[in-house]
Amino acid sequence: MRPRSDQFHELSSEALEDSFLREALKRASSSFHAAKTDAVDSMPDWEELRQRGHDRKNLAIENLPEALEVFEKNLRSRGGEVHYCEDGAAARDQVLSIIRSSGGRSVTKSKSMVTEEIALNDHLEAAGLSVLEGDLGEYIIQLAGEHPSHIIAPAIHKSREEVAELFHDHLGSDPDADIPELTRVARETLREAFLGADIGISGANFVIAETGTIVLVENEGNIRMSTTVPRVHIAVVGIEKVLPRRSDLAALLRLLCRSATGQRVTSYISFISSPRTGGEGDGPEKLHVVFLDAGRSRLWADPTQREALNCIRCGACLNFCPVYGSVGGHSYGWVYPGPIGSVITPHYVGIEKASQLPQASSLCGRCGEVCPMKIPLPDMLLGLRAKAVEAGSAGFSERLSMRVFSLLARSPRLWRLLLALGRPFYRLVARAGLASILGGPARRWSRSRSLPLPGRSGFRRWWREDSERGGE
Amino acid sequence: MSEPKRASLFITCLVDFLFPGVARAMVKVLRHYDVELEFPENQTCCGQPAFNAGFRGEARELALAFLDVFEGCEAVVSPSGSCVAMVKEYYPDLFSDDDELSGRFQSLADRTWEFSQYLTEVLGVTEFPGRRDGSLTWHDCCHSLRGLGVRDGPRRLLSSVEGAELLELEKSDECCGFGGLFSVKFDEISSRMLSNKLACIEKSGAESLVATDCSCLMHMAGGLEKSGSEVRALHLAEVLADALEESGTGSQEEASP
Amino acid sequence: MPGDYRERLFGFLRSRAAGQPGELLVEDPAPRPSTAPGAGDDLAERFRAELCAVGGEAVNLGAVEDPAAELGNWVKGLGLESAVMDSDPAWELLSLPVRELLDSAGLAVDSVGSSVTPQELAAYDLGVTLADAAIAETGTIVQCARPFRPRSISLVPRCHLVLVPGDRLLGGLEDFFEGIDEGASWATGDADFDSYFTWITGPSRTADIEKTLTIGVHGPERTGAFVLGEGISDD
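Residue numbers (the numbering used here), protein chains in the order written: chain Y, 1 to 472; chain S, 1 to 257; chain Z, 1 to 235.
It should be emphasised that the hints constitute simulated quantities derived from the structure, not laboratory data.
If you're wondering where the values come from, they're calculated on a predicted model, not measured in any experiment.
Ideal Cβ positions, reconstructed from N, Cα and C, are used throughout, including at glycine.
A couple of the hints might just be wrong.
What the hints assert, rightly or not - Capping the alpha-carbon separation at 25 Å, the derived lysine-lysine pairs in DSS-like fashion look like this:
no. : chain 1 : residue 1 : chain 2 : residue 2
1   : Y       : K26       : S       : K88
2   : Z       : K76       : S       : K171
3   : Y       : K26       : Z       : K211
4   : S       : K226      : Y       : K353
5   : S       : K226      : S       : K203
6   : Y       : K374      : S       : K88
Stated by the list, open to error - A partial selection of chain Z residues facing chain Y, derived with a Cβ cut-off under 10 Å:
no. : residue
7   : Q20
8   : A145
9   : S185
10  : G189
11  : D190
12  : Y196
Unchecked claim - Pair ranges (Cβ atoms, derived):
no. : chain 1 : residue 1 : chain 2 : residue 2 : range
13  : S       : V122      : Y       : R2        : 51 to 57 Å
14  : Y       : A301      : Z       : P31       : 54 to 60 Å
15  : Z       : S111      : Y       : R2        : 49 to 55 Å
16  : Z       : D103      : Y       : A89       : 54 to 60 Å
Produce the complete structure using the sequences and hints provided.
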């Protein structure tokens, strides 16, 4: 997906004007908040669980080459195949090549952020294949020709009316259909596609080194459909998805399900370590894992930012971020929105193409608080801001102001003098309504806030006089 | 209380420039508990604006200046949760490559207190004396809440004041939208977050909004005023100083945030 | 060349790996959370309560007067026409005559072996299986790879009926993973958890449109889990 993250300002401005999106985001956020809060409240050992998830994931990431190698060995021993791709282009070609050699033409796909990253659907369709998204939210987005705006609920920005209209236009269903009816229409349409598909493409929520297992978490059943019915199953997976042992899933599944949807477990979780075995009648004949790097190894090599790879894509940080809650996912301009998106997007698409993202935060800290993996997101945003400055991306006037401010703040006498002079000047300007002469920031402040008005004198004089009076 | 406590005032650059009333109120309250106060006049800024903008060089310079001013003090008390969080959470890390300096910063951090925490944890105040009529609602400033764990202390202090009615603020822990330079770099988003906060404030029905940080208060007060609201935005110190005044309504000759 | 990147990637990663050799796969058991069922708990009741809480239907037949009638009534209540059972030899070991009960409930019942296709399974209203394991903590049914059972029998038909032998009902998630790691009785024989297994907890669902919950999307819209008072010994 081509990044538009350098347009965050424009995109978010438009998003703020969209009253529909505002309602949708409000609804989504209160629903997700309530679900997660209940789920966490019902788990007295939540903090211990977070620590466990953090530690086990760290273990896998620190031993990344071994984890990948052991996973590969185990999956291959059962007849699976493993490929490593440097970037999106290589991954797209690899997937297409697997499909071509199988002779398949119709593809059903389940929700996978990684396949969005590499724009897989467009590539396959351009090659003449039919690709259908099986997840209801992704199917809606596909019909609308849009990109997902949320990691867990991709069509959260769409109203029932919009979906009904979409289905009416593409499938001929009732333009006033209610939500159960729309779901039924989707079920019937997609069922045909599922049962006739040659190829199933998925992502993976986790891959287990110890047992060579791909783990897929869902509620709808479309992943089971796509990974059981077709002859070929291709899982496209970021290299960072590894966990050490199968038993680690006890903690990680509890963390993921509660944080993503507030459920203890989702309706279906598939644990796939093999294509169909000798005795089985269904299940894919061929199972391929296509590992994608695309900037992950470089991120891994940065010890101060490596923890971003611990993300389990639960969406909790988005749900609790007031910035995401105001502007929605599309404003971030790429696949991953919200706090995690603001951290990994600069790493994956280049800081120059996403420089606004780490800045677009009030650093309230809620993301770090809710992250089930204890990823220190606010610290990572601060780290990215520091990197940007080191790399020379700060504007000249900002750099100058910081140097001047530092100089003043280290010269106490000069500081006191400037305060004594600056206060009355500022007072004059503010009272006269001439804030605009103070520059852009003052103008932008004043659009929604009145300027603070100081008194005539400051604390220091009062303290001096008070001390002279002998204090109280 | 056996020995008299001594504390040094770190008023913060914002209070120094715009909100001296908050510092005066803090002095009044601390003196009520017989805390011997001093004000190191060479203090300036903790460096948080530079740090948040990614200018770690400048942040280190200001951290060293802060260390120079306050290192010898028994305790440092400040009316700003975010500045205290800077000192406690980030100063030691800024010098993680220098064990000696990092150690000195850690030691200073252990002696640096946000005002409400100094009251409840060092002075052990549970019930606050005096009287102040009127309804109040409390906003949890982000750095105070998540950086320092300030939540129950101020609520307990405020509800214990005779005549004060503490009304709960819906989504009190949601960011007001200030975020330092964020408020002007991303002013539209900041304003949206502010209007969400103002709606909750209005819904609470309280006459005054109270919090620990002048920065957030300045932003919320600016929004309240611009929208024509009668709700006043006050620092915790001002409310408590009012209560000591026993005037019932509190009076501020200088502008408060 | 396809193989090229593997070499370069591993070369890069190995030159910077932070871990200790051999530590990745070391056993590191964690204490069970307090919400996981304990040794003395009534697992069948916990299973039933958890599954019902998430919109599934569950009955503890061990606590019921007339299990056959209970099961028969549930099936009748579905109002379906056809059912498909797998060819699990263990059906014969149960005291409950499942096939006869389905017949009497008015369904046309077929037994299928592993050669049946998902498309053929789509013609049936009800898929019937025996659980390979079940987890009380979450109300979860586990189905693993079996030579006599197609994976999609619990997926494609509109409804799913699963019977849980008492000796395959486990307490919590840790008990399940330990069981398959240590080769518990229910995890051996031709029960192949190492190749494939799936967790099923209630019916298929979505909240993708306006966050409004709808039951029955791509998987079964009704799932009935009946915990048996008896166990089955595979060996």
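Just pull the numbers of the violated hints for me, sorted ascending. 1, 2, 4, 9, 10, 14
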